[in-house]
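Colleague: Please model the entire structure based on the sequences and the hints provided.
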Amino acid sequence: MGVFNQLMDGMITALSMENLIACFVGVLVGTIVGVLPGIGPVGAMALLLPFSFGMDTGTSLILLGGIYYGSMYGGSTTSILINVPGEAASVVTCLDGYQMAKKGRAGAALAVAAIGSWVAGTVGVVLLMIFAPPLGQAALAFGPQEYLGISILGMLLLSNLTGGSFLKSFLMFVLGLMVSTIGIDPLMGDNRLSFGVLELSRGIEILPFAMGLFGMAEVFAIAVDPYDVGELIKVKFKELYPNKNELKRSFWPIMRGSFLGFPIGLIPGPAAIMSSLISYKIEKTVSKNKDEFGKGAIEGVAGPESANNAAAAGAMVPLLALGIPFAPATAVLLGGFMIHGVTPGPTFLTQHPELFWLVIASMYIGNVMLLILNLPLVGVFASLTKVPSKILMPIVTAIMFIGAYSVNTSFFDIFLLIIFGLLGFTLKCVGYSPAPLVIGMVLESVFEKGLRQSLIIADGNFLTIFLRPIAGTFFGIAALIIAWIIIGVFRKSTKISAES
Amino acid sequence: MKLKKILISALVATMSLSLVLTGCTKTNTKTSKESTQAASSSSYPSKAIVLTVQFAAGGSTDLLARALAGVAYKYLGQPVVVENKAGASGTIGTDAVLKAKPDGYSLLTQSTGNFTTTPMTQGAPYDPIKDVKHIINIATHPILLVVNAESPWKTIDEYVAYIKQNPGKVKYGQNSPGGTTHMAMESFRKAAALDMKMVPYGSGAAEVVAALLGKHVDSGVMHPQEAGDHLKQGKLRPLLVFSEKRLKSLPDVPTAKEKGYDVVIGVTKGISGPAGLPDDVVKKLHDAFKKTMEDEDFKALAKNTGDLEFLDYKNGEDTAKFLQGMYKKMEPLVNELGLKKK
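Read top to bottom, the protein sequences are chains A and B.
For what it's worth, this note's numbering labels the leading residue of the first sequence as 1, then goes sequentially.
For what it's worth, this note's numbering labels the leading residue of the second sequence as 1, then goes sequentially.
Rather than coming from a laboratory, the hints here were simulated on the basis of the structure.
Reference excerpt, derived from the structure (chain A facing chain B, CB under 7 Å, subset only):
| # | residue |
| --- | --- |
| 1 | Gly143 |
| 2 | Leu187 |
| 3 | Met188 |
| 4 | Gly189 |
| 5 | Arg202 |
| 6 | Pro325 |
| 7 | Gly335 |
| 8 | Gly345 |
| 9 | Ile456 |
By construction, the Cβ of each residue, glycine as well, lies at the ideal position given by its N, Cα and C atoms.
Modeller: Below, the structure written as structure tokens:
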């Protein structure tokens, strides 16, 4: 009963009218939810969960799954057009995508994001199909010590993501770490930095934070220094789509994003954001056009957008293979499974293979639907950049307010949006990039949990952390990087003293 | 031309103003007509009821709430809508409902921790005894002590013996710092005089299950539904259950009580509302949810979510008595462990 045969059986069931409609509704809702800043796949899946009660198990899983991976497509739209991340994972796309839009290449950015998402989504499903069980087992070998190693490595590699002064970036990074500690300590329940305000106990949500730093800050900046539409290059229809050069430059970033993003989905927590951050760093490091990054390099859109779609597929590995959800979205998917009496896990593949292959087959179909949905809309969306700023900015602000509110149905998040907007604007004025703030925010939970749990388990004996094979490798690489940086500093200073 | 501009700007201004005004009013969507109607409880319920789940979507409380909501409309005549308001170990959602208007349209999924240990260890802006009116208890989720099936301990006695021989070295994982599951394990530790290390895992039993399977901790405490497939497949071995009687689905697992450790702690799940709910509204809700519990459709859903076995009906007064008793029981333990909020 080869893999191919089972896939074909799944395909046939997936192509039934009912399942096709469920798939379409799922990916459509997912895209809309991804485009709209604020409400995310978790909210949408929770909303549609009751609808799925009456449906066939397979059909409801197709619907919920569609929302899940569909939202990874739409998130980049607002990031590119108005510097507002539609999904937390699309923050990185703001960096270069928005700059491309300012140069009149919004259509190209959107199209490349859609194509990259499609390739990565499909690659992700293939990898999921082939590697789910063994990868699931491998994911179990990662304990707190390994996550500590990964987060330290991430800190070293990502804290200077946007280049410029390392000190400035690191300062922002540490500030991000501090902001992330606000709220109830997830490990011991202490109320930290909440000053008695109940809303602060919940912690700072990443979405109002990122929307404020990027989107709101941009609104303030434009208010102070508005741009005229006439200054934007008049874009012809043909130029709305990426030209050959841009497509060529996007090819390898998409490939790298797809294959590297997938394993990152296995890490518990903010896997999609981490994968897009890592992809951005990799693309920047290996690119021949390093200087363009931050000013509108298409690799900076292609790579991260592919990576977050691949990570979404990767996050389904622990869910399907082990029945363990590592992210809130996969937790709702698990709920969807369970309410239909299916428990994903090791027996899922042996007891309900037809369900597994149905979901996989429908993921292929869903990704194609998403490509067809998103590509033609590129033109429509790109023309938004032609709207004069005095009309666009209030609309953007309204969208952000609604989006920030919708995350937790809380007015407090709107205050946060404005406060972080002011912070982001101030940073802009003094020449700091907000990206490291977001990185610090994202990495903090992984780092803190890994550190504290490792220390408890180690009982004060640090060696036990470093001597673990996988963790030790990460720490070793981190040590080498630090050594490399220090050597580089010495070389530079000896060069300067030699020249003087 | 100028008049047109003025008209348009006036229209835009009025529209935005009305948007802002509607946005600034309380989130309980009520028109003035309906709020006067709601006070007269003979017509209750006259519109949809919002059931707030104070935990994330997809969790065990959430699934139970959705199963209930899906069937309860039959007996209430109005839909029950589940809304998630997670954060701060459930205190944010709980507080939102307890401070809402007591008209029966804002309900909460009661979970033991929010009314016992969480206010003690973390603090809560509501009084867990005075601010709430418990309507009905639906289920009690038992707490299991599990180990990885590849571990050498086959019974709880072997495990306890091992821990006594290796004080301070054996680790257990839990995912609700200061919560009921954590307290259950700590009560057991105290009763058996065990020196163990506690590894906290924060949000979600998923991480504890993963840690157990990956052998990063030796044992863990969780609900049977959270252990899921792995329990059935024999990857995880349950050693002890902290309930009154042995579980029907796990007849070979001894209770702590029968082993001589007086630890009977489960996590109750029910429906509650703000204090001040009129008695007839409470009675209507109680009767409707009791009928829901006995409904075949609900039972089918509960079977899937794993709640069917743990259905544990208690009326509002008994629930209140139970929770207050639990509060008093947990207080000395919390103080002893040094977990009391300073």
